[in-house]
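Protein chains: 2
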Amino acid sequence: MTPNPVLAQLVRNNWVENRHRGAFCVVNAQGGIVASAGDVQTAIFPRSAIKSMQALAMFRSGAVEKFALEPPEIALACASHQGEAAHIAGIENLLEKIGCSEGDLECGAHPPSDRASRNAMRDAGQAPGPVHNNCSGKHAGMLAVALALGAPLKGYCGLDHPVQKLVRQCIEDLIGEELSTERCGTDGCSIPTFAAPLRAFAFGFARMGSGQGLDHQTAFAMQQIIAAATSNPFLVGGTGAFDTRAMQVFDGALMSKLGAEGVYCGAVPALGLGYALKCEDGNKAAAQTMVASLLLGIARPEAGAREFLQKEARRTVRNWRKLEVATLEALPAATPKI
Amino acid sequence: MTPNPVLAQLVRNNWVENRHRGAFCVVNAQGGIVASAGDVQTAIFPRSAIKSMQALAMFRSGAVEKFALEPPEIALACASHQGEAAHIAGIENLLEKIGCSEGDLECGAHPPSDRASRNAMRDAGQAPGPVHNNCSGKHAGMLAVALALGAPLKGYCGLDHPVQKLVRQCIEDLIGEELSTERCGTDGCSIPTFAAPLRAFAFGFARMGSGQGLDHQTAFAMQQIIAAATSNPFLVGGTGAFDTRAMQVFDGALMSKLGAEGVYCGAVPALGLGYALKCEDGNKAAAQTMVASLLLGIARPEAGAREFLQKEARRTVRNWRKLEVATLEALPAATPKI
Chain A
243 MTPNPVLAQL VRNNWVENRH RGAFCVVNAQ GGIVASAGDV QTAIFPRSAI
293 KSMQALAMFR SGAVEKFALE PPEIALACAS HQGEAAHIAG IENLLEKIGC
343 SEGDLECGAH PPSDRASRNA MRDAGQAPGP VHNNCSGKHA GMLAVALALG
393 APLKGYCGLD HPVQKLVRQC IEDLIGEELS TERCGTDGCS IPTFAAPLRA
443 FAFGFARMGS GQGLDHQTAF AMQQIIAAAT SNPFLVGGTG AFDTRAMQVF
493 DGALMSKLGA EGVYCGAVPA LGLGYALKCE DGNKAAAQTM VASLLLGIAR
543 PEAGAREFLQ KEARRTVRNW RKLEVATLEA LPAATPKI
Chain B
243 MTPNPVLAQL VRNNWVENRH RGAFCVVNAQ GGIVASAGDV QTAIFPRSAI
293 KSMQALAMFR SGAVEKFALE PPEIALACAS HQGEAAHIAG IENLLEKIGC
343 SEGDLECGAH PPSDRASRNA MRDAGQAPGP VHNNCSGKHA GMLAVALALG
393 APLKGYCGLD HPVQKLVRQC IEDLIGEELS TERCGTDGCS IPTFAAPLRA
443 FAFGFARMGS GQGLDHQTAF AMQQIIAAAT SNPFLVGGTG AFDTRAMQVF
493 DGALMSKLGA EGVYCGAVPA LGLGYALKCE DGNKAAAQTM VASLLLGIAR
543 PEAGAREFLQ KEARRTVRNW RKLEVATLEA LPAATPKI
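Line by line, the protein sequences give chains A and B. Numbering of the first sequence is given in our numbering, commencing with residue 243 and proceeding in unit increments. Numbering of the second sequence is given in our numbering, commencing with residue 243 and proceeding in unit increments.
With the rest of the complex left out, here is chain A (with noise of 0.2 Å):
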């Protein structure tokens, strides 16, 4: 098998450290592969990249409707929140409009993310507990499926449960082909997560931003969904986080959510295009400067939004001392001309 190509360096001063290879797919509601890097039919695990399309399942199940959830309870289920003020404060919210409480969550407890937000608390002497967990928001969603299904409150993070069967299916429906379990491991939240090729979720997130090619509710549902996260991206990340800066800059313009070990999906509706990318090590970092390139070329980026690009595909890494000692910086190969 071809290597997938080098996309991004860490260059220390005058010399190259480190090489992070990786593949992207961008393709039209077609389904045609507008661009594309490296090994693009491969299954990867999309992780926390699809939340948005994990969150159809809160429409099919008529938990949106039940339960009156709005635009930023909508976006909060697509988020990797960083625990901040806001985010714990419309999650509780959420939980309470649907009968639950924190411990229902199954998706395990860690710190926030945010610094200030996670110092505040050890300063508090107060111990992350699940609703801090950058998933959730996607959890809370969770549990307002599994209530509007009628079904059990405690499993639904198990494979067999009907929340993460319908899950499955709304993914499957998404991208336009079949799951399996042989390609199958627990994600970080302890929810079942499913590799599939990049090409396909690209294709999916091309649909979901397009709405073409997929049925009437469907399309309605993924029209609410990416309007609720383009229109709270604090939401769907927090301070500093670039999907959350990627998507302000953008204006609306953009739907962009990384995943861990080195994923982004996304889409650009107005022009009908979705992408998918991994860097093949799992670098967070280098995969944010891969997308940050990637957008620059098939994204159309208005001056603001390319500015913000061109500093993101090429940071400057300083030592303790706060001096510039490396540049991680995206390749040419890691922007297409479209």
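Derived from the structure by calculation, the hints contain no laboratory data. Owing to the predicted nature of the structure, the values given are computational and were not obtained by experimental measurement. Keep in mind that a hint or two might mislead.
[To be verified] DSS-like, lysine-lysine: derived pairs with alpha carbons at most 25 Å apart:
#1 K308/B with K339/B
#2 K407/A with K564/B
#3 K308/B with K564/A
#4 K339/B with K564/A
#5 K396/A with K564/B
#6 K339/A with K396/A
#7 K526/A with K339/B
[Claimed, not checked] Some chain B residues flagged as far from chain A (calculated, every beta-carbon gap over 10 Å):
#8 I275
#9 D429
#10 A568
[Unchecked claim] From the structure, some residues in chain B lie toward chain A, with a derived Cβ separation under 8 Å:
#11 L252
#12 N260
#13 A351
#14 H352
#15 S432
#16 F550
#17 L565
#18 V567
#19 E571
By construction, the Cβ of each residue, glycine as well, lies at the ideal position given by its N, Cα and C atoms.
Assemble the complex: chain A is given as a structure, and chain B must be docked to it using the hints.
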């Protein structure tokens, strides 16, 4: 150029999630390559993996004799320590012995990498100082070198300062080739770091461990340095550190030292072997599985050491609920038969 081989991978349940490429070289004291994988000729940055080479300057400058430096102090000069009590006490003692203070250290400050020590400082309201920098032992040693040379303390990290000129000469003598400012960057602790081939660093360690091919004074100094490090493994790393545990389980028969961005160098003195390894993408955990696997092949581990290395070469990854979700494992190509 042929890509480096995949030497480690992250497997999530039943499917590969990440791939880590790398290269290694195992060399004898005559410079013969005993085993290798990938590109061992292109220069890589060794970072902290060669602190034991840099420590030679403490002998050549006369600092060891002038200040009657003891093995634990020499071990701390070779360390990437975790900021635990024993490390800080040892370095503060060394600074006092040479008439310097923490304010003379030019390495910059960062919190201890040992979690308990970091949290204890935070809970006590103490801010980390330069002495907590993982390189502070090396820097204290460099201050001793400056004093022994009669050179100014201020600016001892500079490329043209007598300390760094001597350190560079020491490395060149050990690896048997010239370093170049055309492949030179600034390290995390602000001293120069020169890139050179894996083959050259492995050769240096083979000579350091065996004393072969070095002039009498250098061989004597390197014997002292290697003995200091291997008999004080806790000072070289700390609680849970791979280098510390590996050197403990080998009971003096292994010199092991990591460098930032996925580097390991070391020696198996009794076998006359030196080795150097670099994970192409800089992943620390992947490099650790690779070097454990490499040592299984080359270091003739006894039962206890073999068991340790086998566990390190195949590490379980748990999620936030402590479920076993993935395995980070070295591939057979990382275990050469020699």
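Next item on the list: Could you check the structure against the hints above and give me the numbers of any it violates, in ascending order?
Entry: Numbers 3, 4, 7, 9, 10, 16 and 19, in rising order.
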